[in-house]
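Here is how the chains run, residue by residue.
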Amino acid sequence: MENDAASGSILKKGWFKITGRFRLTRQARENIYGYLFVSPWIISLLVFTAYPTMASFYFSMTKYNVLNPPKWVGVTNFTTMFTNDPLYWPSVSNTIYYVLISVPLGVAFGLFLALLLNQNLKGIGFYRTAFYLPGLVPAVASTLLWMVLLNPRFGLVNELLSLLYIPKLGWLSSPTWSKPALILMSLWGTTGGTMLIFLAALKEIPQSLIEAAMMDGANSWHRFWVITIPMISTTIFFNLVMGIIGSFQVFASAYVASGTGGTAGPLNSILMYMLYLYRNAFRYFNMGYASAMALVMFIVLVLVTLALVRSSSAWVHYENANR
Amino acid sequence: MGQPKSSKHTFSRRDFLRLAGITGGAALLAACAPQAAPAPAEPTQASEPAKAEEKPTEQPAAPSAEQITISWWNQFSTDTCKEWFPKIIKLFEDDNPNIKVEFEITGGPPGGGDFAELLLARIAAGNPPDTCTLWDPPSGYGARGAMDAIDNYLVKAETAKADAFFPGVLASCQFKGKTYGLPASAGAGCMFINKKIFDELGVSAKREDFPKTWGDYRELSAKFVSWDGDVLIRGGGMPWTSPWLFSTWSQLNGGQIFDSKTVQYKIDSPQNEEWLQVWVDWLDQQYKGDLEKVSTSGVWDDIYGEAQFTKGNMAVTNSGAWACTDAVFEFDWEVVPFPTGPSGAKQMTSFWPNWFAMPKGGPHPDEAFLFVEHMTTDGWAVWYTEAIMDTPAWTGYPKDSVNKKLVEVVGQEQAIDIQNFYAEQLKSVSDMWTSPVEAFANDSMSQAIDAVLRKQATPAEALANAQKACQAKLEETMKTS
Numbered sequence: 000m001e002n003d004a005a006s007g008s009i010l011k012k013g014w015f016k017i018t019g020r021f022r023l024t025r026q027a028r029e030n031i032y033g034y035l036f037v038s039p040w041i042i043s044l045l046v047f048t049a050y051p052t053m054a055s056f057y058f059s060m061t062k063y064n065v066l067n068p069p070k071w072v073g074v075t076n077f078t079t080m081f082t083n084d085p086l087y088w089p090s091v092s093n094t095i096y097y098v099l100i101s102v103p104l105g106v107a108f109g110l111f112l113a114l115l116l117n118q119n120l121k122g123i124g125f126y127r128t129a130f131y132l133p134g135l136v137p138a139v140a141s142t143l144l145w146m147v148l149l150n151p152r153f154g155l156v157n158e159l160l161s162l163l164y165i166p167k168l169g170w171l172s173s174p175t176w177s178k179p180a181l182i183l184m185s186l187w188g189t190t191g192g193t194m195l196i197f198l199a200a201l202k203e204i205p206q207s208l209i210e211a212a213m214m215d216g217a218n219s220w221h222r223f224w225v226i227t228i229p230m231i232s233t234t235i236f237f238n239l240v241m242g243i244i245g246s247f248q249v250f251a252s253a254y255v256a257s258g259t260g261g262t263a264g265p266l267n268s269i270l271m272y273m274l275y276l277y278r279n280a281f282r283y284f285n286m287g288y289a290s291a292m293a294l295v296m297f298i299v300l301v302l303v304t305l306a307l308v309r310s311s312s313a314w315v316h317y318e319n320a321n322r
Numbered sequence: 000m001g002q003p004k005s006s007k008h009t010f011s012r013r014d015f016l017r018l019a020g021i022t023g024g025a026a027l028l029a030a031c032a033p034q035a036a037p038a039p040a041e042p043t044q045a046s047e048p049a050k051a052e053e054k055p056t057e058q059p060a061a062p063s064a065e066q067i068t069i070s071w072w073n074q075f076s077t078d079t080c081k082e083w084f085p086k087i088i089k090l091f092e093d094d095n096p097n098i099k100v101e102f103e104i105t106g107g108p109p110g111g112g113d114f115a116e117l118l119l120a121r122i123a124a125g126n127p128p129d130t131c132t133l134w135d136p137p138s139g140y141g142a143r144g145a146m147d148a149i150d151n152y153l154v155k156a157e158t159a160k161a162d163a164f165f166p167g168v169l170a171s172c173q174f175k176g177k178t179y180g181l182p183a184s185a186g187a188g189c190m191f192i193n194k195k196i197f198d199e200l201g202v203s204a205k206r207e208d209f210p211k212t213w214g215d216y217r218e219l220s221a222k223f224v225s226w227d228g229d230v231l232i233r234g235g236g237m238p239w240t241s242p243w244l245f246s247t248w249s250q251l252n253g254g255q256i257f258d259s260k261t262v263q264y265k266i267d268s269p270q271n272e273e274w275l276q277v278w279v280d281w282l283d284q285q286y287k288g289d290l291e292k293v294s295t296s297g298v299w300d301d302i303y304g305e306a307q308f309t310k311g312n313m314a315v316t317n318s319g320a321w322a323c324t325d326a327v328f329e330f331d332w333e334v335v336p337f338p339t340g341p342s343g344a345k346q347m348t349s350f351w352p353n354w355f356a357m358p359k360g361g362p363h364p365d366e367a368f369l370f371v372e373h374m375t376t377d378g379w380a381v382w383y384t385e386a387i388m389d390t391p392a393w394t395g396y397p398k399d400s401v402n403k404k405l406v407e408v409v410g411q412e413q414a415i416d417i418q419n420f421y422a423e424q425l426k427s428v429s430d431m432w433t434s435p436v437e438a439f440a441n442d443s444m445s446q447a448i449d450a451v452l453r454k455q456a457t458p459a460e461a462l463a464n465a466q467k468a469c470q471a472k473l474e475e476t477m478k479t480s
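Heads up: the sequence lines are chains H and S, in that order.
Numbering-wise, numbering that gives the first Met the number 0 puts 255 at position 256 of the first sequence, and it's gapless, one number per residue.
Numbering-wise, numbering that gives the first Met the number 0 puts 40 at position 41 of the second sequence, and it's gapless, one number per residue.
Since the hints were made in silico from the structure, they are not lab data.
What you were told as hints is all true, and nothing was included just to trick you.
Listing some non-contacts, in silico: residues in chain H with all C-beta distances to chain S over 12 Å:
hint	residue
1	Thr52
2	Tyr96
3	Gly124
4	Val136
5	Ala140
6	Tyr164
7	Gly192
SDA-like mimics (lysine to any residue), calculated; alpha carbons at most 20 Å apart, straight line:
hint	chain 1	residue 1	chain 2	residue 2
8	S	Lys398	S	Glu423
9	S	Lys292	H	Phe153
10	S	Lys292	H	Tyr164
Computed from a predicted structure; not experimentally measured.
No residue lacks a Cβ here, since even glycine has one placed at the ideal position from N, Cα and C.
If we strip away everything but chain H, and leave its shape as in the complex, we get (with noise of 0.2 Å):
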């Protein structure tokens, strides 16, 4: 604290030193000045993420509209919910299927390209680049490319198919391969960062372990399984929280599929909890029942988080053992 000798009395409390006025610590000031300096942010947060998520709770247990002033009905929409909707848990089981299918393929499929992509080779740049590209398509229109593909009569992935004299299949109008045919259009598109993410952390593993178990005697699988594997687990953990968050709230793919009214595939077999989600807000004029929604969802991603979190003791390994 800074301590002027040529005022008269001092009197030093912290932040203030009153030396006959009031005056700013140095040390105060700059506080102020990164305050105000992040309070862009700090603004944007409060009002563009903390209020709507607080209003969203209010409002699930409401009646609300949208339209006219919500009524307070306490937990109703909740056993609406569990009870009485007949969507509801296809909506559930539906996103619970896509999720334990396409979050474990995404990061094999992920792994997979990066192992294969972590080569020092001749224009390897460019196939990153290619793998990585789908990423960057906007989701309506990859999903309406899709459809194109994966056209029961003439679609491309049905044409080879049938070269490898496996029957065509109906995808998006079969209630049994429309779910997958919406996996394979997130692995499509979600792969490539994976793979991405995976190759950074690849290149991290230092090469002297790799020569010390290879002069050891250690296979290419051993070699995998006992240093690459342990080497990126954080990053393994890493991408399946980010896959499970993102792959419980797909919501486009299965909204253009489907569209916004009638059914979600056939059987409502795309039926998503997002979509469902948003057909109660804007199309039935449910916002109550919709934030209800919203606010189960955020409590089973929290859930599945923080089981995700202390599971990771187990398996997750940490170069600096006392993190």
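Assemble the complex: chain H is given as a structure, and chain S must be docked to it using the hints.
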């Protein structure tokens, strides 16, 4: 530290950063300050003797003489729309030189985004557009207080009086005795037949010879259906392909989905069970009972995109008046009326309008109504004649006007015949688009019928579930409206 104090203060880098931080923070705080909601009924530029009131259920004032700009939101996006709507709006602006219309033909609201989402948000926020075109009935919005009632405007209107519209079509804008919008187009439904396929199989393609009952229609359909293994290569009739026609099919069999007179759902009636059973039997007999095989073989509904009818692989399809000029068929075609079911006594048609409405809280309701009036009367008559043959809902359109594009396609004589056909059909329209929970009910019916046709539920079970859900939703909405 230890810097000598100069008598002359210089603007240091620290001073600059300090000033930038303070200025930026202050600007952001000022921008985030809540703005006063615009007073919809008292715009500062209005200076007329009788100012427009917030609720135009009172006497509407004369429009302002000062230059007013009104906004129109819509979801149109085709090249025809981009060509003709500006011209139609120019006619309105020429007649009303003090009113300018701000609009885009980009498929959604200005700036992009989901139309319904943004419209609701703007209405809730108190800064909606002056007018909008809806593809869902205004009755649902009106029931929730989202649209202005315009009955007092209709009384004083020049052309858009309440009795100047087809009554059944206007009913789609009404809820509890108030009118919340106007239909521009009636969009009469019908079936299209491929005359080439009919001729090939030696079946008369004349409109008067087309079956009048479902039984005869089903028999006719069987003649056209053709499979190659598990691939359907030619379809006959598939009445289940158009969800928007469900209420019409129900009424053609003497049943009903929603009774607007008693404001009740009547989904689980014996007539509706019979209707669905007819469809199940039809699917079983002609399409192997397997909707998935049918869906996998191609697109069998309507006339857009990869529709098999447009490709010449389907004998009969469901659509509406707009399809006469929307689609390009490589074969001769005819329009025919819907046949009646075994329990039905009255032939009728469906309709699917473009609705024009005024969101509640719009800043210029008087001027907005003038625009709505123009677009639903004279303006739509121009659209009908010059652009798409989407029959006006306004009965005052010039009856001697014929859609030019239709004349190019089928010739003057047939164009007049088709036009007269639709005008006649509109005299007997089914009761539809009148429920305040229309979207929910349509989805429930689609899901019920999908479950029945895919053998996951019997007609009785599916209709009972839909009835329960729709009636509950209706009662909940009626309580709060």
